[in-house]
Amino acid sequence: MEIALAPLPYFWTKQATFEFYARIAETAVDRVYLGEIVCPRRQTLKVADWLAIATLLRDAGKTVVLSGYTLIESTSQIKWLRKLCDAGWPLEANDLTMVALLEAANISDWTAGAQLNIYHGDTLRTFAAMGASRWVPHHELSREDLSHLVPLAHSLGMTTEITVWGPLALAHSSRCFTARRYGRPKDDCGFLCQQWPEGLLIETQEGDHFLRMNGVQTQSARWWSLLDRLDEVCALADAVRIVPNLNDTIAAIEAVAAWRDATPTPDAQWIDPQRCCNGYWFGKAGHEWIVDHG
Amino acid sequence: MQSGTLELACPAGNAAMLRAAVEAGADAVYLGLKNATNARHFPGLNFSPDELGASIAWAQQRGVRVFLAINTYPKEHNCSEWHRAIDHAAALGVDALILADLGLMAYARERFPELRLHASVQASATSAPALQLLARRFGIVRAVLPRVLSIDQVQQVARDAAPLEIEVFGFGGLCIMVEGRCSLSSYATGEAPNHQGACSPARFVSWEEKENGMEARLNGFLIDRYAPDEPAGYPTLCKGRFRVDGEIGYALESPTSLNTLDLLPQLKQCGVRAIKIEGRQRSVAYVRTVTQVWRRAIDALTANPERYTVQTEWQNELARISEGNQTTLGPYSRPWK
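Chains F and R supply the protein sequences, listed in that same order. The working numbering applies: residue 1 is where the first sequence begins, and numbers increase by one. The working numbering applies: residue 295 is where the second sequence begins, and numbers increase by one.
Treat the hints with caution; some may be incorrect.
[Said to hold, decoys possible] In silico SDA-like cross-links for lysine to any residue, where the CA-CA straight-line distance does not exceed 25 Å: (1) 369/R to 129/F; (2) 14/F to 189/F; (3) 369/R to 283/F.
[As the list claims (entries may be wrong)] Distance ranges between label pairs, derived from CB positions: (4) 157/F to 403/R: 22 to 30 Å; (5) 251/F to 378/R: 45 to 53 Å; (6) 563/R to 154/F: 47 to 55 Å; (7) 563/R to 183/F: 26 to 34 Å; (8) 606/R to 274/F: 49 to 57 Å.
Just so you know, these hints were derived from the structure itself, not from any lab. If you're wondering where the values come from, they're calculated on a predicted model, not measured in any experiment. All C-beta atoms, glycine included, are put in the ideal place defined by N, C-alpha and C.
Using the sequences and the hints, build the whole thing.
Rendered as structure tokens:
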């Protein structure tokens with residue numbers, strides 16, 4: 001059971017980002033996805049900086065994958081993707097644009113990210129035919145849905161990587177909600193989103209923690225958690241994925257590593273119904289926390 | 295249709311809307327079946343298989359093309375319903391299928407190689423390389439662009455993706471999120487635009503009159519609270535008022551709608567092939583009015599591109615049937631840039 005770390009969805013300072021990955025290098029994580037996937041204005045780290053982090057992680061024995069943007073709007077973003085494709089590292093596509101570039105460059109063995117809308121077998125086959133050798137199922141796929149798809153993935157030679165912790169990326173827009181909240185135009189945003197290392201909470205008027213504003217991305221306020229269900233996840237998955245947040249990432253990696261070493265340490269923070277959700281896993285509303293013993 | 299002219303593609307939520315659109319001058323109508331295979335799966339809307347056949351024949355006899363939207367994403371257990379929809383549409387002779395799912399594109403291409411395929415806005419293809427991939431792999435000949443691109447970006451995509459045809463939204467409700475990539479509704483309710491074909495479905499909506507005004511909820515989440523003198527709207531999740539950093543406001547999107555009559559010459563100049571009117575869930579009167587106004591605008595532009603000006607009466611007629619309080623140029627003009 002491989003432990004994978006998704007790309008950092010938030011905009012942290014260059015120093016905080018380097019420090020974070022230096023700590024990640026010390027963990028039991030096997031595979032690390034790197035790169036800015038949310039907003040093209042977040043360029044504190046250039047491609048060369050990401051490659052420096054990639055080298056650091058590779059030297060620590062990790063497999064490193066470079067991830068592409070989720071929403072492509074401009075030719076400068078396409079150029080960025082081309083640079084990633086030319087860098088010679090394993091790659092993850094999160095948009096059809098990157099898939100097209102991979103196909104044009106005759107690159108195979110890439111990872112199909114969760115935002116590519118692979119929901120049924122024919123689509124999975126299509127992505128396999130285009131060169132994907134691994135896929136991250138969309139959060140809207142339930143345990144039941146995956147039970148149909150994972151055997152097919154295996155027959156296609158594809159690895160399945162299921163997300164077990166972190167914020168859910170619920171929506172993407174060309175509009176920056178964080179900039180809008182503070183009355184700033186997107187092109188002169190002042191990089192406000194850097195002030196909220198886990199995004200900015202969107203509460204209902206009666207105080208329900210509902211969503212999280214992360215620039216052009218809207219996330220769940222609750223953290224997705226299958227960390228109490230690793231047995232059933234791993235009956236399906238070949239790898240588990242952790243999406244970074246500010247304070248839980250390393251502990252989440254350690255929780256999976258402990259489970260893998262058959263010394264599970266059940267911890268209340270992974271099953272707190274006030275801050276976690278798992279509804280999609282049961283085919284229910286995503287925000288729900290379902291307690292199911294079946 | 296002459297080449298080089300803009301095609302006007304209008305919504306038909308039922309047979310009456312289809313007649314209204316055809317009579318008011320639509321070049322094409324788009325519609326869906328009465329099930330989750332399309333992104334406007336609302337109670338009382340859309341066409342049964344029998345109605346579909348009759349409506350296609352009726353419209354085609356009048357020289358109007360019919361596009362069937364099969365633009366949601368099936369899962370493995372219900373995929374056959376989407377396949378049946380494609381088979382049925384092909385047998386009835388629709389002029390094009392509007393698809394979002396790559397697996398369905400592959401299915402349609404293989405079974406019906408002669409059938410025209412359009413990429414739905416729900417396919418989330420926003421760049422020329424992405425569209426060319428769809429053209430190369432699945433024979434997609436037209437793509438509806440997500441409502442997130444500016445006019446400059448539309449131009450770039452249209453130029454780089456040619457000869458693939460580009461269709462853009464001209465008028466109607468405005469989705470602020472990239473279509474096909476939004477799971478806000480499924481997060482709150484369990485029902486997704488991508489799978490059940492509805493956002494913020496009516497069966498999860500409740501209104502309650504309270505001391506401090508009307509509360510509108512979606513599956514229990516308070517989406518908005520309206521003052522006693524304020525008109526209460528439908529609690530579409532992204533158009534609600536929420537608290538962010540201590541302040542209550544439209545955190546994501548204000549309830550506005552899109553109107554690009556002003557941009558029509560530029561859209562044509564960009565190489566855009568068709569203008570799409572949103573609103574299969576609206577009324578017959580809406581479809582008739584919007585189609586009439588846009589017909590006049592496109593005809594005026596075609597007759598004399600240099601002298602094209604937006605007539606006040608067009609805007610007045612559209613304002614009467616607009617959702618929300620104001621219309622905007624939406625992402626095309628990028629007011630937030």
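- Hint numbers contradicted by this structure: none
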